[in-house]
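S.K.: Residues per chain, in single letters:
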Amino acid sequence: MKRKTIALLGNPNVGKTSLFNRLTKLNQKVGNYPGITVDKRIGSLKANETEYKIIDLPGTYTLFPNSLDEEVVFNILSNRSNEDFPDLTVVVTEPSSINRGVVIYQQVRELGLPAIFVINMIDEVDQKGLHVDYTALENYLQTKVVQTNARSGKGIDQLIQHFDIELKPYFGAFDLPQKYQNALKDARQLFPLATEYLTWQYLAQDSVSSLPPEKTAALQKIRQSHQLDTQELQKDESISRHDKVANDLAPIISKKENKRLSITDKIDNLLIHPVLGYVIFFGLLFLIFQAIYSWAGPLMDGIDTLFASLSDAVAAALPEGPLSALLVNGVIAGIGGIVIFLPQIVILFLFIAIMEETGYMSRVVFLMDRWLRPFGLNGKSVIPLMSGAACAIPAVMSARNIENPKERLLTILVTPFMTCSARLPIYIVIIGLVIPDETFLGFNLQGITLFGMYILGVLGALLSALVLNEIIKSIRKSFLIFELPTYKVPDWKNVLNTVWEKSLGFLIGAGKIILAISIILWVLGNFGPTDRFSDPETYIAEANPEFSQEEIDHEVTAYKTEYSYLGYLGRGIEPLIRPLGYDWKVGIGLLASFAAREVFVGTMAVVYSLGEDVDIEDEGQRQTLFERMKGEINRNTGMPTYNFATGISLLLFYAFAMQCMATIGVVKRETGSWKWTLIQTGFMTGLAYLVALVAYQLLK
Amino acid sequence: MQNNITLDKLKKGEKAIIHSFKSNELPAKFYELGFTPGTAIEIKHIAPLQGPMCINIIHQDSLIAIRKKEANLILINKI
Numbered sequence: 001m002k003r004k005t006i007a008l009l010g011n012p013n014v015g016k017t018s019l020f021n022r023l024t025k026l027n028q029k030v031g032n033y034p035g036i037t038v039d040k041r042i043g044s045l046k047a048n049e050t051e052y053k054i055i056d057l058p059g060t061y062t063l064f065p066n067s068l069d070e071e072v073v074f075n076i077l078s079n080r081s082n083e084d085f086p087d088l089t090v091v092v093t094e095p096s097s098i099n100r101g102v103v104i105y106q107q108v109r110e111l112g113l114p115a116i117f118v119i120n121m122i123d124e125v126d127q128k129g130l131h132v133d134y135t136a137l138e139n140y141l142q143t144k145v146v147q148t149n150a151r152s153g154k155g156i157d158q159l160i161q162h163f164d165i166e167l168k169p170y171f172g173a174f175d176l177p178q179k180y181q182n183a184l185k186d187a188r189q190l191f192p193l194a195t196e197y198l199t200w201q202y203l204a205q206d207s208v209s210s211l212p213p214e215k216t217a218a219l220q221k222i223r224q225s226h227q228l229d230t231q232e233l234q235k236d237e238s239i240s241r242h243d244k245v246a247n248d249l250a251p252i253i254s255k256k257e258n259k260r261l262s263i264t265d266k267i268d269n270l271l272i273h274p275v276l277g278y279v280i281f282f283g284l285l286f287l288i289f290q291a292i293y294s295w296a297g298p299l300m301d302g303i304d305t306l307f308a309s310l311s312d313a314v315a316a317a318l319p320e321g322p323l324s325a326l327l328v329n330g331v332i333a334g335i336g337g338i339v340i341f342l343p344q345i346v347i348l349f350l351f352i353a354i355m356e357e358t359g360y361m362s363r364v365v366f367l368m369d370r371w372l373r374p375f376g377l378n379g380k381s382v383i384p385l386m387s388g389a390a391c392a393i394p395a396v397m398s399a400r401n402i403e404n405p406k407e408r409l410l411t412i413l414v415t416p417f418m419t420c421s422a423r424l425p426i427y428i429v430i431i432g433l434v435i436p437d438e439t440f441l442g443f444n445l446q447g448i449t450l451f452g453m454y455i456l457g458v459l460g461a462l463l464s465a466l467v468l469n470e471i472i473k474s475i476r477k478s479f480l481i482f483e484l485p486t487y488k489v490p491d492w493k494n495v496l497n498t499v500w501e502k503s504l505g506f507l508i509g510a511g512k513i514i515l516a517i518s519i520i521l522w523v524l525g526n527f528g529p530t531d532r533f534s535d536p537e538t539y540i541a542e543a544n545p546e547f548s549q550e551e552i553d554h555e556v557t558a559y560k561t562e563y564s565y566l567g568y569l570g571r572g573i574e575p576l577i578r579p580l581g582y583d584w585k586v587g588i589g590l591l592a593s594f595a596a597r598e599v600f601v602g603t604m605a606v607v608y609s610l611g612e613d614v615d616i617e618d619e620g621q622r623q624t625l626f627e628r629m630k631g632e633i634n635r636n637t638g639m640p641t642y643n644f645a646t647g648i649s650l651l652l653f654y655a656f657a658m659q660c661m662a663t664i665g666v667v668k669r670e671t672g673s674w675k676w677t678l679i680q681t682g683f684m685t686g687l688a689y690l691v692a693l694v695a696y697q698l699l700k
Numbered sequence: 001m002q003n004n005i006t007l008d009k010l011k012k013g014e015k016a017i018i019h020s021f022k023s024n025e026l027p028a029k030f031y032e033l034g035f036t037p038g039t040a041i042e043i044k045h046i047a048p049l050q051g052p053m054c055i056n057i058i059h060q061d062s063l064i065a066i067r068k069k070e071a072n073l074i075l076i077n078k079i
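As you go down the protein sequences, you meet chains L and H in turn.
Counting in this note's numbering, the first sequence runs from 1 upward without gaps.
Counting in this note's numbering, the second sequence runs from 1 upward without gaps.
Fair warning: there could be bad hints in the mix.
What the hints assert, rightly or not - List time: in silico BS3-like cross-link candidates among lysine-lysine, alpha-carbon distance up to 25 Å:
1. H/Lys69 <-> L/Lys473
2. H/Lys15 <-> L/Lys244
3. L/Lys473 <-> L/Lys154
4. L/Lys266 <-> H/Lys22
5. H/Lys9 <-> L/Lys266
6. L/Lys477 <-> H/Lys68
7. L/Lys255 <-> L/Lys488
To be verified - Far from chain H, by Cβ distances over 12 Å, these chain L residues were calculated:
8. Asn82
9. Gly155
10. Ile165
11. Lys185
12. Leu211
13. Val523
14. Leu524
15. Phe533
16. Ile552
17. Gly682
Just so you know, these hints were derived from the structure itself, not from any lab.
Ideal Cβ positions, reconstructed from N, Cα and C, are used throughout, including at glycine.
Pulled out of the complex, with its shape left as it was, chain L reads as follows (with noise of 0.2 Å):
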């Protein structure tokens, strides 16, 4: 069989991504590029006798990248080596804004890559009176133009029958300017293989990743010495290509009215409107808020009760002994505490992903700009903020789109403040054991303190933009422009497929992470350097002559946590956080969130000898759980562990610190910096440990 690679390139909105769900049926898989984080997405395709594999290129107006998303498009087409080189380029574009696809469908031929034109969404030429040449654009094109509806399946298999198609040479639309063919005669001699529009390309880039240090160099001197811009390049290229692209379209593409626009211009007098658009972006935020925690709940119930008795098949199944306690305690309760957050995070994602689909998210972006720009953030950063909610992996993520290098880094670096779904355990067992369950002015006082940690999230993550923003250096000066697309009914299938991705993303990323740690806590914890740990009965009799068997029996667990190696460590740190009002045990806690904050619980009631299954959600349990904590000691102050101030300063603590390794690691990933992640990790970790000192020696 032969094997051939189809790129399938485009404009963003004009149902590419549909019609790669449909040519490869969603056979497809999502890698990285090498060396960059964009999503590759890549499917197979069978027909024709021949092995297509299809990769769905990041969504680009132009060659020239203005991120890092559009830089993948650029490097895979400009360079024959690259694995990903298409033997055909798809150019699909939509029928309102034929004329966009015509320029980088030009640009793709001039590099010298043969291609084909696809109309997408094609039952909209008629709802949009436009008359199309076929014949003439083809000729124009000089290749066949497809219509397809990625929607209805129409056309589909008509393209895939032209992806062996045979195309003579290309005749360029487009001549270069004729006051830089000095400059790119020089550039000529340093590509001599290359087509003259490729050379024109590098000329009017600042910098191209896949060349080497000294073309770029070279290429440095030759704008220097004939006086060029890159900026100036550019534009004479967009401006000339666009006005030729409007004339020789003018007579094979005619329009009789514009319908296009009449009800999207409708909604968005609502939806976009000064007030009532900021009241129903916030009422829908705050509905969807109210959905994941209603919805959520019987999921995560049914979850729990699903690692219950697999734990407990297991240990039935296998001789008691370290492997079968490995396996139940560590294992099995290390990937139950990660599924556990899947419902509330698919249910978030499924929002957004409708919300991207419909094309409401644009309009979030318009209407917050204003709002997120004085912290030196973009109105795209906000679809991260959002996701952060859920969970800062994906969100973190999901910064790529935003085009200033500085503004990405900055949305990258405040996301983990947002209140991930991972610390909604810890705030409602602490809030439960220092807020009083009473009312005020009608509302519940936890319920109120709850509401104050998410606000707390959100401006630990403005205020900490806008301090770095006064540290960290721009390269590239800020700037905004997106298209708001026309309302569109969601394409279900895009969606279940964005959600599956995301939430897929989040259990092997922070899986994997999670799952180590909590095998490592395990070994630590049941496991200790001296004879108190394995002989504690002993000891504990020693201490404590007066106890009944029955006395020393109930102190084992706690006496054998005390003298663990996780034991040791945590008295080992006693005394930096003996000032934030906690104690060793607490500290253990601590050490253990620093893996993931949603061990903390866990931990915990290892740490009360209630053993490891606590469930927060369950009314009898939780009752049992805070009434150990309430009767704690500290035996540095001998006052209660758990009151007001040391409360409060854990909630503060848990509210910044970066206790993620798994979003960690994502932010070296998407930053490409250690130094971008350690700084990172000590601001927000240090800014924790500040602000509960200061809450603690304040409220004692």
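With chain L held as given, fit chain H onto it using these hints.
M.R.: Okay, now just chain H, sitting in the frame of chain L:
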């Protein structure tokens, strides 16, 4: 007809033709999305308190949002 005012001065519902640009600072993406000389535009929405503007590029029937700061670099003739 009012000549050579900048785009950010327009109010909601006003139409204009793009004339030229104050400087070369505007990223190429602006031209690619349709802000080219001779293009007719209409202001559709403006976010409050100096927020972004939503502009209809009439011939391609698309809605593009840009900030006032960049709109200030685009010179237009009102129609």
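S.K.: Now tell me if each hint is right for this structure.
M.R.: Cross-check of the supplied hints:
For the suggested pair H/Lys69 and L/Lys473, the alpha carbons sit about 20 Å apart, so the restraint of at most 25 Å is met. For the suggested pair H/Lys15 and L/Lys244, the alpha carbons sit about 24 Å apart, so the restraint of at most 25 Å is met. For the hint pairing L/Lys473 with L/Lys154, the CA-to-CA distance comes to about 50 Å; that exceeds 25 Å, so the pair is violated. With a C-alpha separation of about 33 Å, the suggested pair L/Lys266 and H/Lys22 falls outside the 25 Å cut-off, and the hint is violated.
A C-alpha spacing of about 24 Å is found between H/Lys9 and L/Lys266, which places the hinted pair at or below 25 Å, so the restraint holds. The suggested pairing of L/Lys477 with H/Lys68 holds, with an alpha-carbon distance near 14 Å, which does not exceed 25 Å. Only pairs whose Cα atoms come within 25 Å are accepted, and L/Lys255 paired with L/Lys488 is accepted, the gap being roughly 22 Å. A cut-off of 12 Å between C-beta atoms confirms that L/Asn82 is not in contact with chain H; the least separation is 23 Å.
Distance check on L/Gly155: its Cβ is at least 23 Å (rounded) from any Cβ of chain H, clearing the 12 Å threshold; non-interface status holds. The Cβ of L/Ile165 sits about 27 Å from the closest Cβ of chain H, beyond the 12 Å cut-off, so the non-interface label holds. No Cβ of chain H approaches the Cβ of L/Lys185 within 12 Å, the least distance being about 23 Å, so the stated non-interface status holds. With a least CB separation of 19 Å from chain H, L/Leu211 remains clear of the 12 Å interface cut-off, as annotated.
The non-interface label for L/Val523 is consistent with chain H: the shortest C-beta to C-beta separation is roughly 53 Å, beyond 12 Å. L/Leu524, annotated as away from the interface, keeps every beta carbon of chain H farther than 12 Å; the closest lies near 53 Å. Every C-beta of chain H lies more than 12 Å from that of L/Phe533, the closest at about 63 Å, which supports listing it as non-interface. For L/Ile552, the requirement that its beta carbon stay farther than 12 Å from each beta carbon of chain H is met, with the minimum near 69 Å.
In this structure L/Gly682 is separated from chain H by more than 12 Å, as the shortest Cβ-Cβ distance comes to about 33 Å.
Hint compliance for this structure: hints 3, 4 are not met, and every other hint is.
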